[in-house]
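Enquirer: Single-letter residue listing:
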Amino acid sequence: MKIMGIKKKRKIMKRRVSRSVRGDIALYLFLLVFVAVMMLPLIFAVNMSLKPLNELWLFPPRFFAVNPTLKNYYDLFRLMTDSWIPMSRYIFNTFFITIAGTAGHIILASMAAYPLSKYKFPGSNMIFRLIRSSLMFSGAVLAVPNYLVMSTLGLIDSYLSIIIPAFGSTLGLFLMKQFMDQMIPDELLKSADIDGATEWDKFWKIVMPIVKPAWLTLMIFSVQNLWNTGATPYIYTESKKTLPYALSQISLGGLSRAGIGAAISVIMILFPLMVFIISQSNIIETMATSGMKD
Amino acid sequence: MFNQPTVSNKAFAGPAAGERNIMRRIKADLACKWRIAKKHKMQYLFIMPYLVIFVAFTVVPVVMSMCLSFTYFNILEFPRFIGLQNYFRLFVDDRIFIKSLANTIMFAVVTGPVSYMIALFMAWLINDIPRTLRVIVTVLLYAPSLAGGMTNIFRIFFSSDATGYLNAILLKWGIINEPIKYLENPDYIVPIVIFVILWGSLGTQFLSFIAGLQGIDRQYYEAGAVDGITNRWQELWYVTLPLMKPQLLFGAVISITGSFNIGSVVTGLTGTISADYSAHTVVLHLQDYGTTKFEMGYASAIATVLFIIMISSNMAVRKLINKVGE
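Chains as they are written, first to last, in my numbering: chain A, 42 to 335; chain R, 96 to 421.
Everything labelled a hint here was simulated from the structure, so no lab data went into it.
Everything numeric in this text was worked out from a predicted model, so none of it was measured.
A few of these clues could be false.
Using C-beta positions, here's what the derived DEER-type ranges look like [stated by the list, open to error]:
(1) Glu279(A) x Arg226(R): 44 to 50 Å
(2) Tyr160(A) x Val209(R): 52 to 58 Å
(3) Arg226(R) x Tyr160(A): 16 to 22 Å
(4) Tyr69(A) x Val209(R): 41 to 47 Å
(5) Ala144(A) x Lys388(R): 55 to 61 Å
(6) Tyr160(A) x Thr227(R): 49 to 55 Å
(7) Ile131(R) x Trp245(A): 20 to 26 Å
(8) Ile403(R) x Pro274(A): 39 to 45 Å
(9) Cys162(R) x Leu311(A): 21 to 27 Å
(10) Pro281(R) x Tyr69(A): 50 to 56 Å
Positions of the beta carbon are idealized from the N, C-alpha and C atoms, including for glycine.
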């Protein structure tokens, strides 16, 4: 207790260099302006989505809606239920792809990260280095040969063509492995060995609960990625297409659909934003271990 | 560990014996590795599902892409080997490719470092503010990157007729006399694309930087102050950045990957092909040949060029970051 007290005092006495009240005020002012600018397009989107039709055509246009209404949201759902394929179908597709892809990714990536992090065996280093360097590639570059792989495997025009590649996302495995490296003490696993635990027991009952922050992080990145999956060359049946695709078709309708288009944008961002807010502190904890040694 | 038993006293018995020795050592090595590998059966079993998918959808496509780039391939017929012809065509005949390559490099050089710096700077600014406020600011700043471009909103804002918001404001203030066609005029398209990309760029690397800064023990700053650091910039350069070098490297990889993959923002803002190809990028050119024209060999050559650029810029940036704090 005494030592703690002294430490605390020392912290108070030694303020860090050049921190001043004036500097703090400038900092908060700058932050306020910066955040406001960043928020502007989002606020604009919310406002557009609340505007009745006559305000969308107003000249000169006004930033804020004068008579906010939820009509655009209502119209969106009506438009979609009246269309050839009901809205609920696109919603289901996107939810299904997002949830299945994310769940599979978290389980497979954690299963692979565990031995890579805690054991040394022939090939383990090479595998991890390969995965780490493929962080540099992204889907767009691989799209063409991926099409061939998928048609060979017979995955074309099925949900699996989006879900299965998402299982193998490299960012997730990288973050999971880094987190396990730092957060799981070897002694813990050794003592479990003495108790006669199997590998699966150790993974499922010891490792997985500890790395909960990491799987929440994998969740947000995977959700973000899958939720925004729009038109892909791998799926051509209309009833298997995703929500962003359907929404992009609607918003092509020009200004008369601008209100509905904005409503779409608002709906699309809400789900990942909620996931992010819920898992925010865990994500920061995980990202602390994200560093790369050269 | 595995080499010891095979080091024999016959090491000087002549070249043949030496060779045999080496062979024996390699054999013993392999046998030993095999024994270790067998002991780790469970570990391989754990990795297998992920690895199979990773190989099928990342490794195989990369290798395939490189091989196909030397062929003519239209999916229907078997690929035909044509040597370097695709690459000649790319760099000699394809003016649009050269244009898109120049655009991609320009976008990457501008958005990569700028987004990286903004992410680092903002993470640094919010590092010292109270926790609750920091969380709120983090969520608010991260939100745009969740929006996936939101290009339809920007299309309304930059719309070319008088109902476009920017035009309306400028007309009202008397700055311009007639509406500007922002998204049809090459002079405006590029800055607007850059703006939209930067707007949504406080993503993964931003979170990594926040976490890296949070992880630095206060005592390092105190030690720095004792050693004669007098202002915040010195503190940043000599104390903070060297301590978060691993995060800086991670953020660099993420930034580079992102900034070379610009494509969907452009099509979202300007339609499939921007006026005069003014914002056409390599990724879009690749998609054009791969998924519209089905010239897979040619598209693979484009992808291979992009690989090489990304890998070399990654290596260059790694070297640069290793100089931090010197």
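Enquirer: Given the range 50 to 56 Å, decide if the beta-carbon distance of proline 281(R) to tyrosine 69(A) lies inside it.
Expert: violated, 40 Å
Enquirer: Can you tell me whether the CB distance of tyrosine 160(A) to threonine 227(R) sits inside 49 to 55 Å?
Expert: At roughly 41 Å between Cβ atoms, threonine 227(R) and tyrosine 160(A) fall outside 49 to 55 Å, so the hint is violated.
Enquirer: Okay, cysteine 162(R) versus leucine 311(A) on CB: inside 21 to 27 Å?
Expert: About 44 Å separates the Cβ atoms of cysteine 162(R) and leucine 311(A), which means 21 to 27 Å is violated.
Enquirer: Between arginine 226(R) and tyrosine 160(A), does the C-beta distance stay in 16 to 22 Å?
Expert: Violated, since arginine 226(R) and tyrosine 160(A) (Cβ atoms, about 37 Å apart) do not stay within the stated range.
Enquirer: Starting from the hint 20 to 26 Å, judge whether the C-beta atoms of isoleucine 131(R) and tryptophan 245(A) obey it.
Expert: Because 25 Å falls inside the window, the suggested range holds.
Enquirer: Mind checking the hinted window 55 to 61 Å against the Cβ distance between alanine 144(A) and lysine 388(R)?
Expert: violated, 37 Å
Enquirer: How does the Cβ-Cβ distance of tyrosine 160(A) and valine 209(R) compare with 52 to 58 Å: does it lie in that range?
Expert: violated, 41 Å
Enquirer: With respect to the beta-carbon atoms only, verify the hint that isoleucine 403(R) and proline 274(A) lie 39 to 45 Å apart.
Expert: violated, 24 Å
Enquirer: Taking 41 to 47 Å as the hint, is the beta-carbon distance of tyrosine 69(A) and valine 209(R) inside that range?
Expert: Hint violated: Cβ distance 24 Å, outside 41 to 47 Å.
Enquirer: Between glutamate 279(A) and arginine 226(R), is the Cβ distance one that fits in 44 to 50 Å?
Expert: holds, 48 Å
When the structure is compared with the earlier hints, violations turn up for hints 2, 3, 4, 5, 6, 8, 9 and 10 and for no others.
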